[in-house]
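Protein chains: 2
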Amino acid sequence: MKIALAQINQTVGDFPKNAEKICSYIERARRRNADLVVFPELSVTGYPPKDFLDVPAFIDENLRTLDTIASRVYDISAIVGFVDRNKRRHGKFVHNAAAFIQDHKIVSVHHKSLLPTYDVFDECRYFEPAHTISPVKFMDSILGISICEDIWNDEEFWPRPLYEIDPIENLISYGANVMINISSSPFTVEKHDKIRLRMLIHDAMKYKVPFIYVNQVGGNDDLVFDGNSVVINAQGRLIAQAASFEEDLMVVDIENPAVQIQPRTYSPIETVHMALIAGLRDYVIKCGFKKVVIGLSGGIDSAVTAALAVEALDNENVVGVLMPSRFSSQGSVDDAVKLSQNLGIAYKVIPIQDVFETYQKTLQTEFKGIPFDSTEENLQARIRGNILMALSNKYGYLVLTTGNKSELAVGYCTLYGDMSGGFALISDVPKTMVYELARYINREKEIIPLNSIVKPPSAELKPNQFDQDSLPPYDVLDGILKAYVEDARGIDEIIRIGFDEKVVREIIRKVNRNEYKRRQAAPGIKVTSKAFGLGRRMPIAHNFMCQ
Amino acid sequence: MKIALAQINQTVGDFPKNAEKICSYIERARRRNADLVVFPELSVTGYPPKDFLDVPAFIDENLRTLDTIASRVYDISAIVGFVDRNKRRHGKFVHNAAAFIQDHKIVSVHHKSLLPTYDVFDECRYFEPAHTISPVKFMDSILGISICEDIWNDEEFWPRPLYEIDPIENLISYGANVMINISSSPFTVEKHDKIRLRMLIHDAMKYKVPFIYVNQVGGNDDLVFDGNSVVINAQGRLIAQAASFEEDLMVVDIENPAVQIQPRTYSPIETVHMALIAGLRDYVIKCGFKKVVIGLSGGIDSAVTAALAVEALDNENVVGVLMPSRFSSQGSVDDAVKLSQNLGIAYKVIPIQDVFETYQKTLQTEFKGIPFDSTEENLQARIRGNILMALSNKYGYLVLTTGNKSELAVGYCTLYGDMSGGFALISDVPKTMVYELARYINREKEIIPLNSIVKPPSAELKPNQFDQDSLPPYDVLDGILKAYVEDARGIDEIIRIGFDEKVVREIIRKVNRNEYKRRQAAPGIKVTSKAFGLGRRMPIAHNFMCQ
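Note that the protein sequences, when read in sequence, are chains A and B. If you read the first sequence in my numbering, its first letter stands for residue 119, the second for the next number, and so on. If you read the second sequence in my numbering, its first letter stands for residue 119, the second for the next number, and so on.
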């Protein structure tokens, strides 16, 4: 049996284009003599459709689109992810579903049993779980069709399974001998190699059946799907792997497989680099933008952001803006110019001193006798934000903010200032990982000026200001943040890891008190196991670990 | 049996204060000779604790706090909402639970069966549903203890129940003859009178048992809990109703009840008015602020916001700021001054013209030959935002934004401009309801200058600009928005209601394309059945109904 894995990149709610792509992949798979072509989870609607799932008109158009696709299926069979109606009297109105299509007809429909409802996932919000599970006879095989989370609950693989039932075990017990899983499984660093692939190999060996795993690819808002679709044979050997972060059509003969292959391996920083580029490119394209504009401070965060943007969009679509004040060092200006030259991007220089002084004059009666403080620091950041937004408004550029995760965690950033912008590209990249990215970007030649990497980080909003005046060293900060934000550890546990109690309390207090800033932050790309944003939902008004 | 309904206002994660309040209500109920005192859902932690439920240290402190509370229970019994651990091998780590406490001991624990996971609710994200349901013998009665959503699934009351099981039916079948429901049921306009109370009366009549319903009160971020705890007797008659939007301790003898009472009725606009005041007061207090600052344009939105703030916080805690430009009419300035005088609040006048001109000079080379457009309009709004934030930074005021729901829906607002601020008080109030609120605020005397109500609304960001130049009349706009946002109707359905197709398409396109602005909006108070924010989760990058 020749199975085509169609690893495609869809846009949420773009039914005509989504259908066109699915049909073109069906055609390509047929030409390559595949018996069956398999598409990712919810490939008709794009994933995640979020609250459009509550709009009946959206469900209707998805069903009409599925019918159109079905009418184009002949001389090949297809498995397509879509939203099915729940026809029962109770429960949620729709199912997350897979259609098995043959000879222009939907032969059977398979519902998702396990609905992830944690982190960025909200599937219990929308979907009714499967009430029946049944395998499908196809050629000489019996296919066990499952959807994403359905394979993530093996009792032996996971120390504590989240769900009581195991749909894979059920499918096996009903006689399935080829497992097909359609997924929209988002990227986080090390997830594919360390979890997903190991789990699939474990399951194939356990049940002695091949696993065909088809994952979505591309970016949708804060999530990037890495593709990496794979085929594992009945001996638990990886025999095919589709591209990472790119569309792919991979045809595999599962009865006469090629020899075992080595998994394509990338270092963690390589995958983060790919994820950020793919995610940014898709956000820009899917939102209808062409060019981005970035404030260049001469520091490492804006340099890394600009370098990634050039890789995602090409240098002619990236505009840098230098906005020096009297606190900006000549070195910073030089570093930003050098970066622009290295990247081959246009840059503008728009000094903020006059506007800043006019604000001060406007406020001088009001603030008479009160010393310069964070008010004036924030004002400078806000003037820069306003200038970037003016360029955005005038020319239709998307503003990229350049803040990293460590800053966002502790509120070392200005609302409506450096946080102004439509997409916060590296907002889930901890500062220590920003350094790694910079070195990776420079792996062949100096793109990011070395000085931006080696100089002590500074916001340059007052004289002789350095990040480390108000924050612990970034390796300490990032260690505490990982323990608190990603691993949800309490104060006592973090102290036991070996961090200083006073520092731990101060950092956690800052994280908790700055939720209000993050609530107003632009979306960014999730790369860690716990990003701020939709995957971490915290109250603003509370009093837990705030003292 | 005398039951005390303890309708309290807790703060999320403030365990010492939450415990202190619960203990003081236990003491008060004992002094009033109650046999049983009942507290709302999750009264130990505050509701909603959101992702703190994923932090083991939070669960631990909640359990220790419950033990402390239990040690103070004697000569009275108590039912207290808390987070219990799930001791099974599968599933979510915790239960939403009620502890039944007697003689210093937790006698039994009752888990919530139905976990709301829609709109603002995420309970499947955190909680494992009840695996067993059992009533409790108490004095001569058998208590059926349930938690919030557990009572919201009656087959006869709801046209299409969301869940397959009905815990109330189960409790009755196990012999319960007094039903106790502990809730944290947030306010939306008309929900109490038109749904909740009717449902409770329906259920009491259906099962012929009394229902004791104890609801949380107070604001937590975007949600306001209205209290309105009630006792319905076995004949389905309302015999007691606690305060709306205020803490209350109500002791009711359910065997020897007072005669039937009439439900206290408020008009919809009265309840919205109370909800906004209660929600703002709690947000300010629970976030640790004292004073708020509001930009006063002379228009109706900022006038209503300021008037509500004065009712919530008193006039000495509200500061108005007039920031006229050369596009501001003298009438607007006069209206803002008159409002400030009527409210008795301090106001400052900080003109923005100099800063605006300096921005224009700074950008003149860049924007040479390009006409004045929304860029310059937005710049003015952003200067005002910056000035308010400067006052916030310098003095520790909370900035209230003044935008209404209709503007936010169609993006008729400026990111980092008039959207700057920590709390968007009326962001779920449609413009037509803002007018109703203004008239209600003026019910006894002119507080909001009549001119602010009757003049055509204008952003005054360019000469002769009126809202209705770019938007349909507000009654049309609000009609379309209710159909699309609140009722999730498709384009065809909205046209069938009687709206013009071109207008409908244009409005829906604007709503869909402006999700990026709303993602960065400050939280506001939910008053309608569907507020923007955490209850409406839409993708930004998509292509559904965008053309």
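There may be inaccurate statements among the hints.
No copy labels: a pair is met if it fits in one copy or bridges any two.
Said to hold, decoys possible - The calculated DMTMM-like cross-link candidates involving lysine to aspartate or glutamate, where the alpha carbons are at most 20 Å apart (straight line), are: (1) K309 - D153; (2) K600 - D132; (3) K512 - D491; (4) K512 - E484; (5) K223 - E138; (6) K205 - E273.
Read the hints as simulated data drawn from the structure, not as lab findings.
Against the structure, the hints:
no., hint, result
1, K309 - D153, "neither (31 Å within a copy, 55 Å between copies)"
2, K600 - D132, "neither (37 Å within a copy, 24 Å between copies)"
3, K512 - D491, "between (32 Å within a copy, 8 Å between copies)"
4, K512 - E484, "between (33 Å within a copy, 10 Å between copies)"
5, K223 - E138, "within (18 Å within a copy, 65 Å between copies)"
6, K205 - E273, "between (31 Å within a copy, 17 Å between copies)"
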